[in-house]
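Please model the entire structure based on the sequences and the hints provided.
Number of protein chains: 2
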Amino acid sequence: MTTTSPKGFRAAGVAAGLKASGGPDVAVVLNDGPRFDAAGVFTGNRVQAAPVVWSREVLRHGQVRAVVLNSGGANACTGPAGFQDTHATAEHAAAAMGIGAADVAVCSTGLIGERLPMPQLLPGVTSALNKADPGGGAAAAEAIMTTDTRPKTVTVTDASGFTVGGMAKGAGMLAPGLATMLVVLTTDAVVDASTLDSVVRAACRVTFDRLDSDGCMSTNDTVLLLASGASGVAPDRDTLGEAVTGACEDLARQLQADAEGSTKDIAIAVVNAASEDDAVEVGRAVARSNLVKTAFFGNDPNWGRILSAIGTTSAAFEPDAIDVSINGVPICVGGAAGADRSTVDLSGRAVDVTIDLHAGGERATIRTNDLSLAYVHENSAYST
Amino acid sequence: MTTTSPKGFRAAGVAAGLKASGGPDVAVVLNDGPRFDAAGVFTGNRVQAAPVVWSREVLRHGQVRAVVLNSGGANACTGPAGFQDTHATAEHAAAAMGIGAADVAVCSTGLIGERLPMPQLLPGVTSALNKADPGGGAAAAEAIMTTDTRPKTVTVTDASGFTVGGMAKGAGMLAPGLATMLVVLTTDAVVDASTLDSVVRAACRVTFDRLDSDGCMSTNDTVLLLASGASGVAPDRDTLGEAVTGACEDLARQLQADAEGSTKDIAIAVVNAASEDDAVEVGRAVARSNLVKTAFFGNDPNWGRILSAIGTTSAAFEPDAIDVSINGVPICVGGAAGADRSTVDLSGRAVDVTIDLHAGGERATIRTNDLSLAYVHENSAYST
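Protein chains in written order, with the UniProt record's numbering: chain E, 1 to 384; chain F, 1 to 384.
By construction, these hints were calculated from the structure, which means they are not laboratory data. Mixed in with the good hints there might be a few duds.
Each pair may be met inside one copy or between any two copies, as identical chains are not told apart.
Claimed, not checked - Each computed SDA-like pair below joins lysine to any residue, with the alpha-carbon atoms no more than 20 Å apart: (1) K264 with L373; (2) K264 with G110; (3) K264 with E378.
Here the structure is a predicted model, which is why all the values come from computation and not from measurement.
Below you can see the structure in the form of structure tokens.
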């Protein structure tokens with residue numbers, strides 16, 4: 001039920017000694033073909049980790065035969081030496097596989113600013129390559145975890161006979177453009193790189209890009225989509241897009257559910273906006289308000305903080321026309337108090353906020369989490 | 001040492017029953033003249049509390065004789081009825097003083113979305129007006145506190161013979177445009193309203209607007225500057241500006257030091273930026289990163305999170321040219337690891353971060369706080 005669910009892929013995860021815990025920390029996902037088309041989406045952060053710089057170049061020619069991933073170190077802000085480490089990793093895997101390094105994408109995740117321990121990493125890559133098999137997807141998904149409490153995998157099978165599989169890691173720094181996350185998606189559909197590129201971009205735009213757990217944008221975010229063509233099925237763009245978007249949406253929900261220290265999964269639906277951009281802007285402003293997020297942690301349906309966050313945006317609306325409902329209760333009507341706040345049930349993990357701007361017909365949903373004591377605890381102790 | 005330090009002002013603070021605690025919650029600051037010039041700066045939030053809408057209109061004619069302030073309720077998101085409450089408050093004070101309501105500014109602070117209890121408020125205003133005297137500034141400063149742990153006041157005396165006094169409240173939602181704060185500044189200088197306006201705007205721009213405690217923008221922020229002319233001294237614009245900016249800077253530092261749940265006062269100096277706007281943008285991005293803020297709460301000099309936040313901006317810089325020092329230690333040099341992180345002493349409350357963009361000659365300092373367990377605790381329990 002992961003990257004090795006589609007035909008034509010092998011994977012593995014091993015413990016190479018990068019993590020102090022001794023847990024698995026190096027993974028590979030290998031495409032055995034017959035086709036090697038690939039596409040990728042990378043962080044919008046201008047401070048980009050070495051593996052992002054490398055893999056972006058690899059993806060330019062639209063072919064990937066192997067992805068090497070490590071947890072236990074982000075290899076970000078490591079200068080030219082860090083880039084050489086990534087290059088050496090790709091060369092090492094390529095040599096072992098008898099392919100060119102330009103067909104090897106690299107992903108890293110972990111603490112920013114420290115060099116990777118190459119004497120541990122390279123033997124780990126060798127070991128993972130040796131172990132890679134069609135049942136190795138679960139082990140790969142486990143090896144890319146950092147503060148994740150559980151691996152995240154997905155499989156979507158289309159009736160026409162192709163499959164999309166995937167794995168993700170990410171638990172903090174979840175924000176548009178993208179989350180602190182690594183995602184590898186695989187499919188056995190027959191599809192060219194340019195179609196893959198448009199499909200994966202469209203899928204990210206409405207899934208990972210609308211997940212905004214803590215407002216922070218990472219240096220390492222990478223989403224890769226590899227196609228082996230091994231099913232022999234060549235779906236049309238919409239059919240493939242639906243399957244890939246479905247897989248991304250599923251993984252995004254898993255990321256949200258495992259966000260660091262979170263006690264709530266909050267969906268902020270902004271409806272009747274003048275434009276989709278307006279809806280996204282309003283949703284993000286609310287999702288990023290620490291006062292809104294702490295209120296939900298305290299089971300407090302504090303709609304005043306929601307209106308205060310909406311007011312910071314440039315979206316089209318009249319303040320006295322805004323309605324807000326929380327878990328179905330119309331707690332704010334026409335920009336003022338509506339139903340009694342005591343009637344809102346916030347005891348569960350799911351929180352549905354609907355903001356009606358009464359300014360048009362567009363909508364978007366942004367997903368976020370609450371800001372909890374555990375989030376602060378975890379993130380104040382992470383690197384020490 | 002407060003709003004009544006300059007000649008020509010009286011003030012008072014009383015308990016009217018708005019606060020459940022029974023503490024003081026209604027204040028007045030009265031200008032006895034001979035002049036009544038005034039200026040104000042208000043929140044940039046598009047969702048504006050009724051008293052902001054009212055006071056903005058009052059300030060249009062550049063004259064204020066009385067300011068009525070209450071804690072225990074923000075009177076924001078209260079619809080037309082809430083605006084009528086503000087109007088009635090101004091009329092009530094004006095009638096008691098024998099002046100026009102158009103000379104009475106009103107400020108409110110507290111929970112958003114609930115109507116003010118007018119049967120308590122109006123007698124409180126009467127009582128405060130009756131008690132107002134030239135020694136009442138301290139009581140007024142106490143009556144406007146919400147989650148503040150101490151009143152905030154300031155006095156700046158210029159050698160030429162005029163004085164600037166002030167009081168502030170604000171402990172959360174501190175963000176540009178402005179903080180969740182009410183500030184009343186007074187001076188006995190002889191100065192026209194248009195000069196006051198330019199002086200108070202210039203002062204806010206480099207003080208309150210650069211304090212970004214939790215990234216949230218309030219619906220009620222108000223800074224008023226009232227001039228009585230009672231000293232007979234007519235300073236030039238620069239001399240007055242220096243005194244007012246000094247008073248604002250002092251109050252801003254008091255707001256930062258009392259920010260909800262904070263354990264650190266963090267100054268982020270961005271130097272060698274291509275423009276002041278770039279410096280401000282970078283400083284704010286770092287100040288708003290929850291991962292940076294939680295790291296400082298944990299005494300962790302996590303410069304990687306700082307670079308990651310810088311990378312989200314559109315400021316001019318090369319990622320591999322950025323230097324970051326924390327409390328004097330050059331922990332990041334040329335975008336990569338510099339001095340050992342264990343050499344940074346974060347045991348005190350003051351944290352000085354200097355970010356050198358090597359992109360020009362401009363600079364700005366943004367002040368913020370850490371994100372602590374106490375912040376989450378306080379803000380998850382505030383309204384319930």
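Do the hints match the structure? See the list:
no., hint, verdict
1, K264 with L373, "both (12 Å within a copy, 17 Å between copies)"
2, K264 with G110, "neither (25 Å within a copy, 26 Å between copies)"
3, K264 with E378, "both (16 Å within a copy, 18 Å between copies)"
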